[in-house]
Amino acid sequence: MRERPDGVRLLELAREVLLDELLPALPSELGYSARLAANAMAIAARELEAGNAPREIECEALGHLLGDDHEASPGLANTETLDEAIQRLSWRLAAEIRAGGRDADPGVFAALTEGARARLKIANPRALLEHKNDA
Amino acid sequence: MAVTPPATTEHRFTESKRPLEAFLAEKAKAARVRLVETRPLSGGAIQENWLLDADIPDGPFAGLQELVLRTDSPTGVAVSLTRPQEFALLNAAWRAGVTVPEPLWLCEDTSILGKPFYIMRRVPGTALARRIVKDTSLGGDRDALAQRLGRELAKIHTIVPPEPGLRFLDPPPGDPAPEAVTQYRKHLDVLGLARPALEWGLRWCETHAPQRGDVVLTHQDFRTGNYMVDEAGLTGILDWEFCAWNDPMSDIAWFCAKCWRFGRDDLEAGGIAPRAPFYRAYEQASGRRIDPARVTFWEVMAHIRWAIIALQQGRRALGENGRSLDLALTGRVYPPELEREILHMTAPEQWHRTPGSQALA
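Chains as they are written, first to last, in our numbering: chain D, 1 to 135; chain E, 1 to 361.
Errors might be hidden in some of the hints.
To be verified - Covered, in the sense of this in silico footprint (three residues per stretch, anywhere, with C-beta under 8 Å from a C-beta of chain E), are these stretches of chain D:
no., segment
1, 36–44
2, 98–110
3, 117–125
For the record, the hints were derived by calculation from the structure and aren't laboratory data. The C-beta atom is built at its ideal place from N, Cα and C for all residues, glycine as well.
Build the full structure now, drawing on both the sequences and the hints.
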């Protein structure tokens, strides 16, 4: 178990201090930088909170697409880390797409769309809401 | 995107005030020039813009001159042109009758600011995209503004190769659409990033590339946020550092691309108007018909291009030339959103021309 308060809570609190206490006291030309910093903290907090789950899902999806299923942990070869596995599989998929072997492939399309959605959920969840309203 | 230059930049600029006054005096053929105000303007993450108010007592420029100085920022993007090249483009646009801030003087002597810069006249108004999109008291009637921008773009597109003053540009592409695919694949390879969603978009572009058409001078960043408006209407088209010889439809597509509508997705011409008035005015002024399929190709390419620029900026955020939170966030926030839009535009049912493809048999 992580020490409490954990990193997510600390970032949330730091962000509140920045926006509620510091920002109003800053000269207006520094407001933009302060808001950038607050946004960076929000992204880092969401990434920390989500943990490994989004990358495990991505790794598994890539593994299935590329026929690289391992019994215990699809997509993940013996000694490599999750990030290394995602890198390796992404390179393979990128090369197959570029070579024309995956044209209009609905499975690839679905996995890539889900991957973009998962990244957006951490980097800019507001854009996700806007999209839902469009539909 | 607005950035506040760090305090050190301001300090350097203060030190340069006297030599800058001497430079201005020489160019304005005045006995002396006094800078009564200098302050940074919000500008790109790539360039620095400074407001200068110059008190000029005599000579052809006598009076209080409202000027802008433009120079490189410390975190410049390698793909953009240099300030002297941008100055040449601004001059070419000025001569072609495009509404731009009048270019005045170029300084390549780096002993004054430590880097080249140029001076142009200041034009009134704002270029802030979100303000322009939201505040309809700016820019005058919106359909009229879209028509005006269509006519301005047609004027830019009257500049065709070969143009002696623009020899520094890369040679005109033989076949713009497939060459753009090759170029952006190369950029991805240089970044060393596996981005299957961008590869998907590039492969769609490769299989749906339009035939070669006209090749003209394209602005390559003609969008809301890069033109100035005041209450009455357009006052100037800015940011000429990405110009290149290309298919004119690439500029039409960049202007209309969803990523440059700033929250007004319903107003497809830059978040300010429907496409119709913009297209109609461009077609009338240029005598060139806009083919929607050709625009769609360049619109997918627009999202790919912006995604790759954002990834490059993210890479540069922690680079040798300084650290930038602004660039870091650009590299993190925009690519997934752009990839989702690219996928949306190139869903399996949008693949019409895939010779030899089993999937569509």
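Report holds or violated for chain E covering the segment 117–125 of chain D, Cβ cut-off 8 Å, minimum 3 residues.
As far as the segment 117–125 of chain D goes, the hint holds, because 5 residues have Cβ atoms under 8 Å from chain E.
If you count the residues of the segment 36–44 of chain D with a beta-carbon closer than 8 Å to a beta-carbon of chain E, do you get 3 or more?
holds (count 5)
With a Cβ-Cβ cutoff of 8 Å, does the segment 98–110 of chain D contain at least three residues near chain E?
holds (count 9)
Checked against the numbered hints given earlier, the structure satisfies every one of them.
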